[in-house]
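Given the coordinates of chain A, assemble chain B onto it according to the supplied hints.
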Amino acid sequence: MTMFSLLWPISIALGLIGLAAFFWSLKNGQYGDAAGDAQRIIYDEDAPLDKDKGSL
Amino acid sequence: MTATSQLSSDDLLAGSRRLTDGRREAILAVPTIHCGGCVARIEKGISHISGITSVRVNLTSKRMTVQWSGESPAAILDTLRSMRHEPSLVGQEEESKDKVLSSLVKALAVSGFGASNIMILSVAVWSGVEDATRVLFHWLSALIALPVIAYSGRVFFVSAYRALRRFETNMDVPISLGIILACVLSIYDALHNGKYAYFDAAVSLIFFLLIGRTLDHMMRVKASTAVGNLARLVGHSATVEENGAYHAKPLPEVRAGMTLLIAAGQRVPVDAVVLEGISDMDGSLVSGESIPFSVCPGAELRAGLLNLSAPLKIRAVSGASNSFLAEMMALMEGAGAKKSRYQRLADRASRIYTPVAHLAAFLTFAGWIYFSGDFHAAATAAITALIITCPCALGLAVPMVQVIAAKNLFSRGIVVKNGEALERLRDADTVIFDKTGTLTLSEPVLNSAGNHSPENLALARQMAVYSRHPYCRALIAGAGQIDETGGAAIKDIPGQGLEMSRAGSIYRLGKLDWATDDGSNARGNTCVLSKDGLLLETFVFTDKLRDDAVQTVSRLDQSGLGVEIISGDTPEAVENLSRHLGVASCTGAMTPRKKLDRLNELSAVGHKIMMVGDGLNDLPALAGAHVSFAPSGANDVSQKAADFVLLDGNLGGILYARRVSILSHRFVLQNFSLAAFYNVIALPFAMAGLVTPLLAALAMSASSIIVVANALRLSRLLSRPEGMAT
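Protein chains in written order, with the numbering used here: chain A, 1 to 56; chain B, 1 to 726.
Just chain A, with the same shape it has in the complex (with noise of 0.2 Å):
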């Protein structure tokens, strides 16, 4: 039970992590354009991070 009452909590924990990860991916506009995306490491060169994509 002690056990428990550590794991619980800190599985929740994880839990809200990812959920926390997933709302800042969706208002950071990682799902825009996710054929592009997916090309785009073959062909882009490496530039500064822009911050004007569109998302969801």
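Just to be clear, a hint being listed does not mean it is correct.
Straight-line alpha carbon distances no greater than 20 Å define the calculated SDA-like cross-link-like pairs of lysine to any residue that follow [unchecked claim]:
id, chain 1, residue 1, chain 2, residue 2
1, B, K44, B, H34
2, A, K27, B, S61
3, B, K594, B, H580
4, A, K27, B, T65
5, B, K44, A, L19
6, B, K99, A, L19
7, B, K313, B, Y246
8, A, K27, B, L108
By construction, these hints were calculated from the structure, which means they are not laboratory data.
Chain B alone, transformed into the frame defined by chain A:
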């Protein structure tokens, strides 16, 4: 649509948005992008233009966002065209972020998180955890479930509350009731050390329902802005002459009787009569006819005409609110309102579902009270019945299929605006085509190149390079490469043609009655070459058919659909084309209002009309038809008004879209039966109180997964070529 199809840098500037730091941003649709290579080339090419501060191409939506400072760099369009991409402008309002979708996705993520974490605890309870541990697990479940339900359940609670306030009921009422009652009962059971809590069922219910709701939202009808765009075409002001001085006046203040000045390149803002000047007018807005016609003093002008060559002084005979254009906007709005009466399949299904769910829950409760008198058992059974009948699978049945169908259509270059259009498409039994720009390309071709003497053809070609009239361009293309024979003085006479003096003779290329002395009436679609008033040569032009027009029309005919052509062009030209295509029914010289009237006439006798058109004059018909297509290259207003846009301009896309629509309908019906089958099996068990939370969770997930899996089959079926390959 020679005058409206190509984007100019002025259009780019007008369609762009001012950012807070003074830069401007425009969004362009570039349908011809299809790989990462195109993306990289375009971004590289555009970013090298001076003044460009950022460019980003989105491969998924085939759109590009470009930002610049200073003046609109025309080089953006030139660079794109040099890479053989033809961009079109995307309205800013259309690109604005979909807030509802993003909030639905967030609610979905939260409920997914909640459902999975509660399920971990529930599995322990189902496996036989007892006493204090079980109570603890119930409370931990409640700790997760209540905030999750409060956050993610809002979607349903708000909608249910709105319906109840109007003394109506909708699908969300039993859903909300089931969720809330399940929570209340579970809290009661947790307090009294009950065996089961239903937090897992309530949260996973929300999760599955939200999947369906999110997909459904993606296929919803978005408010059309076509009418607003039409108004924007003529601009906001007009140049008015008052007491000998010219000044700009806002369009609504223009009254009949005022004198207006229309520069070349401007549209006539109100119905008017020409006072001074001779010019060529592009009437594509009014008649759909792409060949310009000439006007002289006394000629009547309709609002929306584009002045091509020379300035005109005109007298307004209407105000802006009662002009031809205003009438067309009113027609469109009226026609569109009529269409919105269509009831979507999903709505029809929910209309049946809602009373059934209420009734089942009520009967269960009443039955249990009557037979056992145990209030707790009755409540449990009733809530289980509510939850088990919840339309998770039903909510997924339609949108899942439509999202997959839309994705397949997009990969073939067809944009479908909403799921409803996909449903309506299969009902269509009569296809009405517009002629110019739809069945034919807007540019005419020289039909009689082989019959002309080489000298005359060379002469005509030499003159033709001085004009941008479509006939002249067709002449140049038709004559091929011919050696130039020295320079000469060439005059462009607006509305008549071209005049050249050489070696003491006057050559004229243009209208028959102007170029020759006999002045007999000109036949349509011709232009003549004359020397000192004597006819040398007559050039005949025809509209060039789209590549797959013949095939598409015959396929539609074979599929048992009625085909009709209605056009604003001359009856003679329309008849020629229909004969060529084997279409029995055709009408020429149709105004926008007459087109809509013809549509209404056909639908009054029970026909469901599919309208295929590109011109602004087709707008009311596109808005009023049961379902409508616009080939791209059409102006953005008609693309907005139509349900489907054919991005690559292939008419064959109509056949493919129809096949997708028919198949989707079949899959939707299959899904409905699967969902109904599940309910028919599960409901009696729930009413009898035999459904444990474990069973409920399994049944609910399984039915949703089956429906999704069935919808996924559609994609496989569509990728298989099947006779009707396009």
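State the violated hints by number, sorted upward, taking the hints as numbered earlier in the document.
-> Failing hints, ascending: 3, 5.
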